[in-house]
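Asks: Listed below are the residues making up each chain.
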Amino acid sequence: MKKFLRLTNIRFISQTTFFILFILSIWASWVTKIGGYPVSRLLEIDVLVFFSTILSTGFIYKYLGWSLAILFLTLLFGRVFCNWICPFGTIHQFFGWLFNINNNERRQQSNRYHHSQSLKYSFLIVFLFLAIPGALQIGLLDPLATVYRAFTVFLTPAWDMAIGNTINVDWLLFSPGSHSRVFTGSFWIGSIFIGLVALNLWLPRFFCRYLCPTGALLGILSYFSLFRIVRDVNKCTDCNLCLNRCEGASQPHNILKLSECFTCFNCLDDCPEDALSYSPFFKSHSIVERKPDFSKRQFIFAGITGLISYPLLKNNGRLDDQSFSPLMIRPPGSIEESEFLKKCIKCDECIRICPTNVLQPATFEPGGFEALWTPVLNFKIGHCQLKCNLCSIVCPTGAIREITVAEKLGKGLFEQKGPIRLGTAFINKNCCLPWANQIPCVVCEEVCPTAPKAIQTFDEEEKDVFGNIVTLNKPFIIPDLCIGCGICQAECPVTDKPAVYVTAIGESRSDNRRLLLKYRNHET
Amino acid sequence: MENKTDPDRKYLLEKPNRRTFIKKSTIGFGIGAICSYLSFAPENWYLSLKDPSGLRSLPKKEAFVLPDYRVKKPIDAAFVGIGHSIDVKKRLLKSLDAIGGLKHYIKPNDLVFIKPNVAFDRSPELGATTNPIILGELIKLLFEEAKVKEVRVGDNPIESPADCFLKSGIKMVVEQNGGRIVLPDSNSFRILSTPGADLIKEWSFFARPFKNVTKVIGLAPVKDHNLSQASMGLKNWYGLLGGPRNQFHQDIHTIISDLAIMIKPTLSIIDGSRILMRNGPTGGDPAYVETSNIIISGTDPVAMDTWAFLNLLKRKEQQLPLYLTKAQQKGAGKMDFNGRLKEVV
Chain A
1 MKKFLRLTNI
11 RFISQTTFFI
21 LFILSIWASW
31 VTKIGGYPVS
41 RLLEIDVLVF
51 FSTILSTGFI
61 YKYLGWSLAI
71 LFLTLLFGRV
81 FCNWICPFGT
91 IHQFFGWLFN
101 INNNERRQQS
111 NRYHHSQSLK
121 YSFLIVFLFL
131 AIPGALQIGL
141 LDPLATVYRA
151 FTVFLTPAWD
161 MAIGNTINVD
171 WLLFSPGSHS
181 RVFTGSFWIG
191 SIFIGLVALN
201 LWLPRFFCRY
211 LCPTGALLGI
221 LSYFSLFRIV
231 RDVNKCTDCN
241 LCLNRCEGAS
251 QPHNILKLSE
261 CFTCFNCLDD
271 CPEDALSYSP
281 FFKSHSIVER
291 KPDFSKRQFI
301 FAGITGLISY
311 PLLKNNGRLD
321 DQSFSPLMIR
331 PPGSIEESEF
341 LKKCIKCDEC
351 IRICPTNVLQ
361 PATFEPGGFE
371 ALWTPVLNFK
381 IGHCQLKCNL
391 CSIVCPTGAI
401 REITVAEKLG
411 KGLFEQKGPI
421 RLGTAFINKN
431 CCLPWANQIP
441 CVVCEEVCPT
451 APKAIQTFDE
461 EEKDVFGNIV
471 TLNKPFIIPD
481 LCIGCGICQA
491 ECPVTDKPAV
501 YVTAIGESRS
511 DNRRLLLKYR
521 NHET
Chain B
1 MENKTDPDRK
11 YLLEKPNRRT
21 FIKKSTIGFG
31 IGAICSYLSF
41 APENWYLSLK
51 DPSGLRSLPK
61 KEAFVLPDYR
71 VKKPIDAAFV
81 GIGHSIDVKK
91 RLLKSLDAIG
101 GLKHYIKPND
111 LVFIKPNVAF
121 DRSPELGATT
131 NPIILGELIK
141 LLFEEAKVKE
151 VRVGDNPIES
161 PADCFLKSGI
171 KMVVEQNGGR
181 IVLPDSNSFR
191 ILSTPGADLI
201 KEWSFFARPF
211 KNVTKVIGLA
221 PVKDHNLSQA
231 SMGLKNWYGL
241 LGGPRNQFHQ
251 DIHTIISDLA
261 IMIKPTLSII
271 DGSRILMRNG
281 PTGGDPAYVE
291 TSNIIISGTD
301 PVAMDTWAFL
311 NLLKRKEQQL
321 PLYLTKAQQK
331 GAGKMDFNGR
341 LKEVV
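Going down the list, the protein sequences come from chains A and B. Using the numbering used here, read the first sequence as starting at 1 and increasing by one per residue. Using the numbering used here, read the second sequence as starting at 1 and increasing by one per residue.
For the record, the hints were derived by calculation from the structure and aren't laboratory data. Hints are supplied without guarantee of correctness; some may be wrong.
Quick list of simulated restraints, FRET-style, between CB atoms [claimed, not checked]:
no. : chain 1 : residue 1 : chain 2 : residue 2 : range
1   : A       : V470      : B       : G54       : 37 to 43 Å
2   : B       : D87       : A       : F476      : 42 to 48 Å
3   : A       : L515      : B       : D68       : 36 to 42 Å
4   : A       : D459      : B       : K314      : 20 to 26 Å
5   : A       : T404      : B       : N293      : 54 to 60 Å
6   : B       : D76       : A       : L24       : 35 to 41 Å
7   : A       : P479      : B       : Q247      : 25 to 31 Å
8   : A       : I23       : B       : L38       : 43 to 49 Å
9   : B       : N109      : A       : L98       : 49 to 55 Å
10  : A       : L24       : B       : N109      : 35 to 41 Å
Think of the CB as a built atom: it goes at the ideal place given N, C-alpha and C, for glycine as much as any other residue.
Assemble the whole structure, with the sequences as input and the hints as a guide.
Replies: Below, the structure written as structure tokens:
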């Protein structure tokens, strides 16, 4: 009879707790449940985010310092994050277990160390070398960013679809309480997530062993870890049973690869001879391999790849103040575009929290590959709500700086600075109902939230196509007042190709993308 | 000898037998007959699946009709009651007493639906949404005096529903006083049929909160509105519709008069505590808001809107919006409030 309070069970409790916390943070960022919960804390303890944002910006934003807790844990105990905390790791472990019901021999085969596991170090080095000159791309593979992104754009909408159909009023606690949400490019984000999980079919925890850059970083850090799995060579009978459930493929049956060990402690449970123990380094009787299996050659090659990828990403002209895309409209509080790309980790937490669904993961169109899955506003789907600053609160890295509603609206202390402008609205008179077709409309004027309104109307008598005299309210824009919230575009009845539309020009986050000369020197 | 290694060859070794032949052929012909019936029987036959034109498989629009929630007023009471008082509760009670008292309209164990105006995510001071204090008092009255079973509050705002309810302060008062908020989502709408309407004969309607409801109360603020001149009690029902509402502005007056006959509420209440005089219906500056100590309750929404337009928004009779005349023509009420109104100071 095994002890109940053994390490594997404690690990299981820890994993379950953190997974529940993760699900709670997803649940609490449902728009109906918003109550100031700290939903982004799990993202802020990501060590890779900590390191790479230091490299790209030179500073540590808000709560990112909390990741030092994980750093110290790693220095003490090894890669505990991977198998005790990381929700993506938990998902992989679950599916790896589910997909690999096999006999001992096959399981041992699938859990043997493979040299290609050093691929993740290459990814890490490429990402870090990209971050140094200022292109943060860790979000493409960072486990927390990946899992948040997938839950935001793929899994929670699926849940909303299923539960939203309830008719019973009492069940509404579990329903989204908002119109069904859509996300551009959700097919790709969802497919990549499914693909990464499905790789467990081939090899358990493929992502964690071969791809995860955060795991690679923690693997390097665990070089210094004080505790490790120690094999007593005198007791060991070389039965290889410790390989049965080895999560990290770190060869506990031989010379342990410390950088690959997830400290899952399954081997301690599985050893029939009690030959394995988790001990401090000074009690080690056997040799462990502390250095990752990553040669200097690989390091140099990965570093060069990272550096030459930098111009590859940056040279598409989308960053230029002349040729930027009119669709590159960033959430309020965002910093200047080139700085934004140094900080955004594409976790899509802001997209999750957005109450109107206007925030969307960017496709290739507005910013090319570099800005893929970063948040952009799509006013065909929603609008930026006037008194909402949620996206700025949840951003873990400060790509969207935390702002107050007063700062957003330019009230109080920010009177001098003026409101945050996301862009400028324009009217296309060729398809605007009152301008082109002599039909009354002006929804845009009605919903315009500024005071006084940035869309105003003047009366004009005109003959319509049937020869009747009609009085029309004709809308026009006052760019001085427009904050680019996009509600006019979202509510325009010419739904498919709105007659009033917002483009990025005039955004207040960048001095070089202003439209009106007189506002150019407001901010210093 | 039986071939155990190759199960595919097993049938060769089975001897044909009359009984199995009959059994198997009956099953085969039976399945064939059922399939041919399903696919070739004319559409109107029982269980036929035939769809010769491709139209039969299209989803059918099933429209429902709202019941009449009205209660006849007592003979000696006025159609419209106007209450003046600094105290919110007294004001509300005065106006309700003038039309026969709340207990006359709402009975114990009623399930009441209240429709406030929560169209935007503005703080209550800006006058763009229903004053939460009045709503709180009304819910309290419903529970304490009329002893109702449940109070539901719902609206389909233009901006994010959850956010609008939160920031307008409505969510807090409703939950404090024991009511329940029903937020709209994609599945809470059904097609409503409104006989007699010109433009919204069949339109997507926020139906979920109306399940088992026995009484309906509209609680609207008074707001300036560029296109329709004013948004008051009748325009408030706009918030129960879904679908492409942004097309309504092409003929807003007809739409509002349609709204007047779309729903027949038990009571209409117009709250004059904050009147948005300019830059409506969104407001945005406290300077656009005027306050008063007036509340209007009644069973004739057209007369109430007319009175509120003249006395709360303080506009001239020549400016009266066209939708009031149209609503009167459709039989929703009478614009002439003289002699049908009781003012309690």
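Asks: Going through the numbered hints above, which ones does this structure break? Give me the numbers in ascending order.
Replies: Hint check: 3, 5, 6 fail, others pass.
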